[in-house]
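Undergrad: Each chain, letter by letter, is given below.
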Amino acid sequence: MSGILFLAWRHAAAHRARTSILIACVALALWVPWTAGALAGQYDRTLRARAAQTPLIIGAPGNRYDLTLAALYFRPSRLETVPYQELERLQEGGKATFVPLHMRFTARGNPIVATSIEYVEFRGLQPVAGRHALRLGEVALGAEVAEALGLRPGDALLSDPTELYDISRPPALKMRVAGVYRATGTPDDGAVFCDVRTAWVLEGIAHGHAPAEEIDESLVLSRAEESVAVSGALMEYAEVTEENEDTFHYHGDTALLPLSAVLAIPASRKDGTLLKSAVNAAGDLQAVTPTSVIDDLLGVVFRIKAFFDLVGGFLLGTTALLVSVVFLLSSRLRTAEMRTLDRIGAPRRVGAGLIGLEAVLVLLVAGALAGGATAATLRWLPDLVSTF
Amino acid sequence: MTSDAAPDARPAGASLRGVSFSYASSAGTRPFRLEVDELTLHAGEAAAVIGPSGSGKTTLVHLCAGILVPASGEVSVGGVLLDPLTDAERRRERARQVGLVFQEFELLDYLSALENILVPLRVRGATREELRAGRARATELAEAVGIADLLGRPPAQLSQGERQRVAIARALVTEPALVLCDEPTGNLDPDAASGAVDLLLQEARARGAALLMVTHDHGLLDRFDRVLDVTALAGSGGTTR
Chain A
1 MSGILFLAWR HAAAHRARTS ILIACVALAL WVPWTAGALA GQYDRTLRAR AAQTPLIIGA
61 PGNRYDLTLA ALYFRPSRLE TVPYQELERL QEGGKATFVP LHMRFTARGN PIVATSIEYV
121 EFRGLQPVAG RHALRLGEVA LGAEVAEALG LRPGDALLSD PTELYDISRP PALKMRVAGV
181 YRATGTPDDG AVFCDVRTAW VLEGIAHGHA PAEEIDESLV LSRAEESVAV SGALMEYAEV
241 TEENEDTFHY HGDTALLPLS AVLAIPASRK DGTLLKSAVN AAGDLQAVTP TSVIDDLLGV
301 VFRIKAFFDL VGGFLLGTTA LLVSVVFLLS SRLRTAEMRT LDRIGAPRRV GAGLIGLEAV
361 LVLLVAGALA GGATAATLRW LPDLVSTF
Chain B
1 MTSDAAPDAR PAGASLRGVS FSYASSAGTR PFRLEVDELT LHAGEAAAVI GPSGSGKTTL
61 VHLCAGILVP ASGEVSVGGV LLDPLTDAER RRERARQVGL VFQEFELLDY LSALENILVP
121 LRVRGATREE LRAGRARATE LAEAVGIADL LGRPPAQLSQ GERQRVAIAR ALVTEPALVL
181 CDEPTGNLDP DAASGAVDLL LQEARARGAA LLMVTHDHGL LDRFDRVLDV TALAGSGGTT
241 R
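Protein chains in written order, with this note's numbering: chain A, 1 to 388; chain B, 1 to 241.
Bear in mind the hints are in silico, worked out from the structure with no lab data behind them.
Facing chain B, according to a computed beta carbon distance under 8 Å, are these residues of chain A, among others:
id: 1; residue: Ser2
id: 2; residue: Leu7
id: 3; residue: Arg10
id: 4; residue: His11
id: 5; residue: Arg348
One-sided and incomplete, this derived list gives chain A residues near chain B with beta-carbon spacing under 10 Å:
id: 6; residue: Arg339
id: 7; residue: Arg343
id: 8; residue: Pro347
Don't be surprised by glycine CBs; every beta carbon is placed ideally from N, CA and C.
Between the sequences and the hints, there should be enough to build the whole structure, so can you do that?
TA: Set out below in structure tokens:
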């Protein structure tokens, strides 16, 4: 057998171009369904795992897929906001722990997740360096963000300006890195966490500037007993420091400050059911159970996958037939060689053995290549969940 | 009937006794039939087989090699009786005991000259030790037939004469009891043919192998110990000289 294997190997090696093309064809035909299957499996596991860990999401009425994907994976979306007073109203009900989420901004392309310390505790985020972002203008980085940007506690990170040519919008905010979280293998690794008050500074709802009594008189438009109107030329602080932190303040009703969503962590399943019913019955907000939303979503995804499986099956079948034709023609061309081996004293089915072993060699190499390519694809492909 | 006039004490390289072989020809022609009453080739003995086309020269070679199985009679090679063996056993015996040289040389184009010489060992599933010993013999044979510096080349990079020498080395590498040659000089010019036959005879004799060669070249016959006319193997043993 080893002699026949040697001959099969030497024949394959001697006809490098033909063998390489065959291997490439089979590897491609295997890589497509393998990768699709692995990605779908990974997608399924990742989505379900995150959803299963999150009992209830509350947000403004609208697309429940957008709300769920934004709250779980910080997927960029234009969610209607929820006024902060709704969070306070929910907290009064006392059926759950409510965690605010604000996700309208990015820093160097990474989502800024403005939340409270309860989120950090709920997700089990542990600082591997520094501490949580507790103060205004501070951020704590997910492991991937810190690695990608090369940031450590004490460094600074600028928020991305939302409207480059709109001077009425606040400029980028320079935020201090308070800590870096340990990698969790979840979307939290790719996020920048801060307190919700920092998000309101980013929104321009809160800002800091020189105290009214110290403002250059040339910038004062009018002074009343309780307020001062100043020119737009007055420079707002673009960084929160220990010295200027006390000057940051809100204008307008703080109860209306915007949130993207609220995570609800009920004390029991019953509390969760009652809360969901109550919120949905009231109608001004919607409460969704992430697992059911993800189940619906995956139902669509797996119907599409079934189609790709079918296409992959046809592709594999067609390739198998074409490879069979190549080996069949090869066996015809090698008739004289087989006759020689037969006469020299090779085993009876040496021809079939040689062709079969060569086919097995091609399949093994192609399978190894396809496996490697699938692993590389899974390793290097951008996170499909976050880009969905 | 015997092919030898006097008893020979040497061991038999091959012997056929009361062999009858036939197969049906195409419609309208007589069935082909070959009968050999007795034919013994002793170790180190060389015999040429002559006869018109279609008279059964190649069939005789194939019977001696165990490629064809006679309807009756006995064929033995190197003292091993082939008839009771299974097909697989006959093949193993052939790879071990018989060296074959073909008219077209029939080298494998994807192997080097050295790898071609070792093919009989490969196909019989030789062990690593057997292959190591075979490689040493192949190198020695290559030197003997003058292709020592060509062992790494594939057949496409060899001349006809060089390919013939590789084929001769391949036939002898297993140290067979019997070397069978089916018109091995048919594709060579007269000088090369003469040289190839001399080489074959010299190497077969040196290794104590019996040699049976089918040839149409009557100019070469005087170099053989015996000349067998295949049309006269039944009855007289076919020996013409």
